[in-house]
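Undergrad: Whenever a hint applies, use it, and build me the whole structure from the sequences.
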Amino acid sequence: VSKHASQKKIAVATAKQLLILEYYYESKEFVPVRILDTAQPTSCMLFTEHSLIVGADKFFEIDLSLFQAEEFLDASDLNLKPALKCHKLGSFPVGIVEVSQNPREYLLTFNEFSIFVDEYGRSSREKEIKNQHLPLAVHLIKNYLYVVQFAAVEILKISEELCSLMAGDSYRLGLTKFKLLGANAKGIFIEHDAHVKFLNARHLPDYDAVSIGSETTDNSRFSFTSSMVQSLDGNGSDSADLDHAPRVKFQQTDL
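Just so we're aligned: 130 in full-length UniProt numbering is position 130 of the sequence shown, and the numbers increase by one with no gaps anywhere.
It is possible that some hints are incorrect.
Taking lysine to any residue and the SDA-like style, the derived pairs with C-alpha atoms no more than 20 Å apart in a straight line are [to be verified]:
1) Lys3 <-> Ala13
2) Lys179 <-> Ile158
3) Lys177 <-> Asn143
4) Lys88 <-> Pro135
5) Lys85 <-> Ala75
None of these hints come from the bench; they were simulated from the model. None of the values given here were measured: they were computed from a predicted structure.
TA: See below:
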């Protein structure tokens, strides 16, 4: 869903196609305005002010005025050579998040690593973030990057110095049989042990209390604390906010 006021568009994907829909006030419905074929299923997408950046077999940028697509990464940037070729090795895009607006910067996540680029698809930092474990999804909330994995959630604080002047330290929360449910402006929601829990990186334990490092191991795992994760049983402020949130009903439509 586009968050830009000038756009009334949403994008949805099937296994082989990407559909861009625009809201028409006359008919009061979203109408498909362009259908694009994709070589691989779409794994992630992000609306910008004038375009839609999509991750499939590669990252593409779609102009929302002309609906023309081209590769997002700058092929002339030598620092991006691994990212430009990784699709040939079966490594595909996983996620894209906006890191900053001024200057505009994005973090693109692949299976093996994540890279920082500017709005023109050029590398904006000297080094990449190497993934020690396969990422399934990424969320950036208040400068904290949540990397959802098969058996853990890894958290990395994003700063201007990260991957330029300093390496990144990460927390890795070992989990079993959990499911990502969604995110809000404070953190992410997961289902774990038959309960819905809320994970807020700003309530992480002190650095002295856990093992921290760029390369995480099983020894760096730690259990949830009451301040870091809230079980949504009606006692927390976040659950109270949910109770008063307006409910929306979706109607089935035919494209």
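Undergrad: Next, verify each hint and record whether it holds.
TA: Right, here's what the structure says about each hint:
no.: 1; hint: Lys3 <-> Ala13; verdict: 18 Å, holds
no.: 2; hint: Lys179 <-> Ile158; verdict: 24 Å, violated
no.: 3; hint: Lys177 <-> Asn143; verdict: 27 Å, violated
no.: 4; hint: Lys88 <-> Pro135; verdict: 19 Å, holds
no.: 5; hint: Lys85 <-> Ala75; verdict: 10 Å, holds
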